[in-house]
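Q: Each chain is listed here by its residues.
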Amino acid sequence: MHFKKYIRYTSVFAFIAVLFSTQKVYAMHIMEGFLPPMWAALWLVVSLPFIWMGIQSIKRITNESANMKMLLGLCGAFAFVLSSLKLPSVTGSCSHPTGVGLSAILFGPAATSILALIVLLFQAILLAHGGLTTLGANVFSMGIAGPITSYLLFRTLNKAGTSKAISVFAAAACGNLVTYIVTSIQLGLAFPGEVGMIAAIGKFMGIFALTQVPLAISEGLLTVVIYNLLTSH
Amino acid sequence: MTQYIIQTKELEFSYPDGTKALNNMSIAFEQGKKIAIIGPNGAGKTTLFLTLNGVHRATGGKIYYHNQPISYGKKELLALRKNVGIVFQDPNIQLFSANVFQEVSFGPINLGMPKAMIKEKVMEALSKTDITYLKDRPTHFLSGGQKKRVSIADILAMEPEVIFLDEPTAFVDPKTSEELMNFFDLLNHEGKTIVLSTHDIDKVYPWADYVFVMKDGTLFAEGVPEEIFQNEKVLCEADLQKPWIIEVYEALLKSKPYLKEFAVPKSKQELFELMEKP
Amino acid sequence: MTQYIIQTKELEFSYPDGTKALNNMSIAFEQGKKIAIIGPNGAGKTTLFLTLNGVHRATGGKIYYHNQPISYGKKELLALRKNVGIVFQDPNIQLFSANVFQEVSFGPINLGMPKAMIKEKVMEALSKTDITYLKDRPTHFLSGGQKKRVSIADILAMEPEVIFLDEPTAFVDPKTSEELMNFFDLLNHEGKTIVLSTHDIDKVYPWADYVFVMKDGTLFAEGVPEEIFQNEKVLCEADLQKPWIIEVYEALLKSKPYLKEFAVPKSKQELFELMEKP
Amino acid sequence: MISIDHYAYMNRLKQIHPMEKFALSMGTLVICMFFKTWLLHFSVIAFMSFLILYYAKIPFKAYFKLMLVPLAFLSVGVLGIAVTITRNPSLLTYGFKVGNWMIGVEKQGFDQAVLTFSRAYASVTCLYFLALTTPMVDVIWILKQMRVPRILTEMMTIIYRFIFVLLETASMMYLSQECRLGYASISKSYHSLGQLVSNLFIKSFQRSQELFTALSTRGYTGSLEVLEEEYVYCSKNIRFIIIAEIFFIGLAILL
Chain Z
196 MHFKKYIRYT
206 SVFAFIAVLF
216 STQKVYAMHI
226 MEGFLPPMWA
236 ALWLVVSLPF
246 IWMGIQSIKR
256 ITNESANMKM
266 LLGLCGAFAF
276 VLSSLKLPSV
286 TGSCSHPTGV
296 GLSAILFGPA
306 ATSILALIVL
316 LFQAILLAHG
326 GLTTLGANVF
336 SMGIAGPITS
346 YLLFRTLNKA
356 GTSKAISVFA
366 AAACGNLVTY
376 IVTSIQLGLA
386 FPGEVGMIAA
396 IGKFMGIFAL
406 TQVPLAISEG
416 LLTVVIYNLL
426 TSH
Chain U
68 MTQYIIQTKE
78 LEFSYPDGTK
88 ALNNMSIAFE
98 QGKKIAIIGP
108 NGAGKTTLFL
118 TLNGVHRATG
128 GKIYYHNQPI
138 SYGKKELLAL
148 RKNVGIVFQD
158 PNIQLFSANV
168 FQEVSFGPIN
178 LGMPKAMIKE
188 KVMEALSKTD
198 ITYLKDRPTH
208 FLSGGQKKRV
218 SIADILAMEP
228 EVIFLDEPTA
238 FVDPKTSEEL
248 MNFFDLLNHE
258 GKTIVLSTHD
268 IDKVYPWADY
278 VFVMKDGTLF
288 AEGVPEEIFQ
298 NEKVLCEADL
308 QKPWIIEVYE
318 ALLKSKPYLK
328 EFAVPKSKQE
338 LFELMEKP
Chain C
68 MTQYIIQTKE
78 LEFSYPDGTK
88 ALNNMSIAFE
98 QGKKIAIIGP
108 NGAGKTTLFL
118 TLNGVHRATG
128 GKIYYHNQPI
138 SYGKKELLAL
148 RKNVGIVFQD
158 PNIQLFSANV
168 FQEVSFGPIN
178 LGMPKAMIKE
188 KVMEALSKTD
198 ITYLKDRPTH
208 FLSGGQKKRV
218 SIADILAMEP
228 EVIFLDEPTA
238 FVDPKTSEEL
248 MNFFDLLNHE
258 GKTIVLSTHD
268 IDKVYPWADY
278 VFVMKDGTLF
288 AEGVPEEIFQ
298 NEKVLCEADL
308 QKPWIIEVYE
318 ALLKSKPYLK
328 EFAVPKSKQE
338 LFELMEKP
Chain F
169 MISIDHYAYM
179 NRLKQIHPME
189 KFALSMGTLV
199 ICMFFKTWLL
209 HFSVIAFMSF
219 LILYYAKIPF
229 KAYFKLMLVP
239 LAFLSVGVLG
249 IAVTITRNPS
259 LLTYGFKVGN
269 WMIGVEKQGF
279 DQAVLTFSRA
289 YASVTCLYFL
299 ALTTPMVDVI
309 WILKQMRVPR
319 ILTEMMTIIY
329 RFIFVLLETA
339 SMMYLSQECR
349 LGYASISKSY
359 HSLGQLVSNL
369 FIKSFQRSQE
379 LFTALSTRGY
389 TGSLEVLEEE
399 YVYCSKNIRF
409 IIIAEIFFIG
419 LAILL
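In order, the protein sequences belong to chains Z, U, C and F. Residue numbers for the first sequence follow the numbering used here, so the first one is 196 and each next one is one higher. Residue numbers for the second sequence follow the numbering used here, so the first one is 68 and each next one is one higher. Residue numbers for the third sequence follow the numbering used here, so the first one is 68 and each next one is one higher. Residue numbers for the fourth sequence follow the numbering used here, so the first one is 169 and each next one is one higher.
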């Protein structure tokens, strides 16, 4: 059958493609043009109120003291550099940390959403990781959903009296996991196929679990090391 | 026969983005000597150091350590890095631990030494660099000169055979810098090969046994300091200044040409003695 | 009568955490001169500069600009910062924009100049520092020496009357550093008062009209270079070395005491001429 | 250090008005997004690649390497769209059984995968055209023209500049740790990397204070305004952009 041959060629191409792609996946950035226009626009609209709140928040902070602009700027640059570091993963391969949890704990979710917006924009333009049309979707998963989870989890666990190490680990690992789950949801909603959205979401979560679950654990561990060092200084 | 601790043959190194940093470098470091590498910023001095201890992987040519070509196996690499220590120019980049003791113990711990031995090596390195009293001090409250000493102790604690120092006197005041140069002499007397890169020609001239001049990623000239620094052509083409001892010596020869029969003065003292001759 | 551009009386400055950085400093900078401030790291040179341009607020004593005590009102402060420029030691701290043209325009914009004038000032500053060709180059592609020039252009574009340079030759190679010293001469000829802090005594001695020695946040000594650098007591107590020109001159006097009747040589040329005298 | 950034300054189209480049790349990108014909997508890829290689003079090898960057996400993502897991074998045109489940490909999913693949690649070339010919400073300028809140563009200016400062610091720190065998095992790697990151954070904090002081000496009181050079529109380029966009729309409708 004609269609089968088609598929055979495609799978050969896909295999070669994976072989050639030496770059590691930047933790779950949906690439340029991958989402259908309707979904790209929808996620942008969903993110906008959060971004607006973030802008109001940093405007307030920077108006209060003039040096906060420099501090936030350096933090943004720090976040970009952090996400370009190679993180040794527990499985032996390397990947890049998202910095979602660390950033949420250090700067709070409002400032994090703005820093994430800018860092994602720079990653799209300077590194071709993520994209302009998918900026809204990526900001929502990585700059809003993930950090809010981390932040809330960190505060709740802290109030409950859990040890600092466990709170930080849980906040960072879950922030990373939520980012990945939200991305899977975004992909599943956009590409439901004939099996329906729920099943499609499950499928995408299954595919990315392979790389993301170990990465979430690695990032959790690293964030604990960083947090301990920072608080001891 | 001259014993070379490290030797390279037609060494080449390019960064992943294609920038060629070292080109056709054949350089040989004699064991137990005090060696200086001079040349302008961007000549590739730091890159050379990092290539010689295996952190940068040579993209061409060969490197020999004790006449054995180096291999990039994990174990061999660790042994090489242990024996070829690098002290970075800016101590702020090298120091990252909470206190000085922890900082200096980083290398020995990574070498997998037993605990008691680590402590011994650290204390030894601290005492050699005269900073035992800083042991429990946090690294970020130290002065520039103290940080420099800690960054040297960092490397000494690993007991390398050869120490590369990248512009060791660049960030410190003249007094500290003189103390450091004397300290390098001391280390050398204990048998370590010392290689330093520097801009400070006046400091290098009396100190070095041998001088390499680098330019644009290649070895431009080499020789004993007296030769190199009297070679107008080399000095001019490599944008180097003359050490003042040589300048004064040459001015002296103008009025007293007969002083030529004496050796070229290598130190201030020798120069002044020469000046006192009738 | 001598005209002082900036003068302080019993100036004191403590950081918010209580560290006393400047103590009982009475210092006076003569207009139109080339002035050097020397002293070890941590002597308070950078803090002094920042206090003189009003970024640090003096916690005691008085500062006079053109004999008027400075006030910390918004308008006066801006005028002071316009006229008292500071070039920082590390250009990476000072440069905030990735575009050289935009970077240099920052100061003039804050002064509220009209657009056309800003452009003119920027182009003038770039051409004076010889970096017009770097106008559209991103900051992160520049070499250390080029960044240094941009950081100087930053300040020149504001047309200050006095320029403080914090260790301008610390990060650059000897050739660039010589070019910079010549450039400071040029600026001085155009009427600017130049104050630089440095460790490099050999470079300062022939260059400076007047020298201040700082130690532990106080003014330790001052005078013309010939005096300061022959004053054994000051040199010893402030941990300073002698410039080699003076050292050779003193050695010369030992064999030819009659040369004492000539002036102390201030430059290499003067020294060599003296040496050629019978 | 970052290759796209490097070419953004070193290409032949750098001097072109940023708005013109922005209009061409974003206009084409939008057309790619809304039309579902892979032939259009491939003509966009060809067109943009031609501009990038022939007019901007980006070296072929560098461009080829960049074209491989999206493959990692794309291959996994497209696979996810194409492959279906279901209990109902009638859904699949091609598949195999694993236990009670069928893994395979259905016609609609496969078509969507092909479409997504071609659309994504076409969009990426549009993004590359902008990124490879327009320095970030000009991109920020475009955003200013589009009335993006000032606080965002000011932050972008600082962040962009200090990305390079911190990247250099971080890589030097990494090298110095490597010289002292800091990455000899996984657990040591975690420890070393943790120290690197926390130190980098402290450095960033210090730098921000130093930067504030340095900018204050130049009269900073809260606004980071700079003078921007003025660009001149070129009517020839604008005509070219309009013709190209009309061509692509026409192509999309006809196909």
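Source of the hints: derived by calculation from the structure; they are not laboratory data. This structure is a prediction, so every number in the text was calculated from the model and none was measured. Possibly wrong hints are sitting among the right ones.
Quick list of the computed label-pair ranges, beta carbon to beta carbon [unchecked claim]:
# : chain 1 : residue 1 : chain 2 : residue 2 : range
1 : Z       : S260      : C       : K142      : 20 to 26 Å
2 : Z       : K359      : U       : S334      : 41 to 47 Å
3 : F       : F264      : Z       : S427      : 26 to 32 Å
4 : U       : S194      : C       : E77       : 23 to 29 Å
List time: in silico SDA-like cross-link candidates among lysine to any residue, alpha-carbon distance up to 25 Å [what the hints assert, rightly or not]:
# : chain 1 : residue 1 : chain 2 : residue 2
5 : F       : K356      : U       : Q70
6 : C       : K186      : F       : K356
7 : U       : K142      : U       : D157
8 : C       : K182      : F       : K356
9 : C       : K335      : U       : M342
Every residue gets a Cβ at the ideal spot worked out from N, C-alpha and C, and that includes glycine.
Q: Give a verdict on every hint.
A: Cross-check of the supplied hints:
For the pair S260(Z) and K142(C), the supplied restraint of 20 to 26 Å holds, since their beta-carbon distance comes to about 21 Å. Distance hint for K359(Z) and S334(U): a CB-CB separation of about 59 Å, inconsistent with the stated range 41 to 47 Å. Roughly 55 Å separates the CB atoms of F264(F) and S427(Z), a value that falls outside the hinted 26 to 32 Å. Roughly 44 Å separates the CB atoms of S194(U) and E77(C), a value that falls outside the hinted 23 to 29 Å.
Of the supplied pair hints, the one linking K356(F) and Q70(U) is violated, its CA atoms being roughly 36 Å apart against a limit of 25 Å. For the proposed pair K186(C) and K356(F), the alpha carbon gap of about 53 Å is over 25 Å, so the pair is violated. Of the pairs offered as hints, the one joining K142(U) and D157(U) is violated, with about 29 Å between alpha carbons and a cut-off of 25 Å exceeded. Taking the CA atoms of K182(C) and K356(F), the gap is about 55 Å. The hint is violated against a cut of 25 Å.
Between the alpha carbons of K335(C) and M342(U) the distance comes to roughly 16 Å, so the proposed pair stays at or under 25 Å and holds.
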